[in-house]
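Novice: Construct all of the structure, not just a fragment, from the sequences and the given hints.
So the protein sequences, as listed, match chains G and A. Heads up: the first sequence runs through residues -4 to 109, numbered per this note's numbering. Heads up: the second sequence runs through residues 111 to 228, numbered per this note's numbering.
It is possible that some hints are incorrect.
From the structure, some residues in chain G lie toward chain A, with a derived Cβ separation under 10 Å [what the hints assert, rightly or not]:
1) Val(-1)
2) Asp3
3) Gln33
4) Lys101
5) Thr106
Listing some non-contacts, in silico: residues in chain G with all C-beta distances to chain A over 10 Å [said to hold, decoys possible]:
6) Val24
7) Ser49
8) Gln66
FYI, nobody ran anything at the bench for these hints, they're computed from the structure. Quick reminder that beta carbons are idealized off the backbone N, C-alpha and C, glycines included.
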Amino acid sequence: AQSVTQLDSQVPVFEEAPVELRCNYSSSVSVYLFWYVQYPNQGLQLLLKYLSGSTLVKGINGFEAEFNKSQTSFHLRKPSVHISDTAEYFCAVSEQGGSEKLVFGKGTKLTVNP
Amino acid sequence: GAVVSQHPSWVICKSGTSVKIECRSLDFQATTMFWYRQFPKQSLMLMATSNEGSKATYEQGVEKDKFLINHASLTLSTLTVTSAHPEDSSFYICSATDPGQGRQTEAFFGQGTRLTVV
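Specialist: The structure is reproduced here in structure tokens:
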């Protein structure tokens, strides 16, 4: 079984500041890693994913994340945030070669203030 | 990317009635769809895996007789909340993967359905 821990439930930042949203996972098997964004009363949109290869992955809207196997982490970063980045962010994992069902962290609410 | 459409986006129903939520893959065939439930300010919890042409696989603790799932075609899965009660009020979201495009590892989500039982 897998589990995902998002260490920060809320992250407030000012516009144009850098941000890092932390994610750690636990699994006895190899996993794929994902970051999703959710705007109020909407579904989830994929920001980026790590399947294999380069540990630094770039996604949409200027976000990137780095997979660190030794630390079992997959932190999300953006060098300069905008007001429009205010949303809920979810880290998720799925088992490689498994059923593709996702296990989600509890989410991090990113609030970008002017 | 692939599109998953969920309907309705919100519904209010009386306690004791049943509500059906539809999840459609618009531009691909999905042999497997997933149903999640999200309580306010909480994460998504997988309720069940919907398999086309066979019975759904429910997660532990989810009442299969209360949350009926039907996956009758490769583009449609439905979730019916039977005899709904106020505690069933939640945000329900479906997802599907698109194996036909080599994107089997990426899930596409519907817009979600806000169910309020009064």
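Novice: Against this structure, judge whether each hint is valid.
Specialist: Hint-by-hint comparison with the structure:
The interface hint given for Val(-1) (chain G) is met, as the beta carbon of that residue sits about 9 Å from the closest beta carbon of chain A, less than 10 Å. With a least beta-carbon distance of about 14 Å to chain A, the hint placing Asp3 (chain G) at the interface is violated under the 10 Å criterion. Of the supplied interface hints, the one on Gln33 (chain G) holds, with its beta-carbon coming within about 9 Å of a beta-carbon of chain A, less than 10 Å. With a least beta-carbon distance of about 4 Å to chain A, the hint placing Lys101 (chain G) at the interface is held under the 10 Å criterion.
For Thr106 (chain G), the suggested interface contact is broken, since its CB lies about 13 Å from the closest CB of chain A, more than 10 Å. Every C-beta of chain A lies more than 10 Å from that of Val24 (chain G), the closest at about 14 Å, which supports listing it as non-interface. Consistency note on Ser49 (chain G): stated as away from chain A, and its beta-carbon is indeed over 10 Å from all of that chain's, at 16 Å minimum. No Cβ of chain A approaches the Cβ of Gln66 (chain G) within 10 Å, the least distance being about 22 Å, so the stated non-interface status holds.
Going down the numbered hints, you'll see the structure goes against 2, 5, while the others check out.
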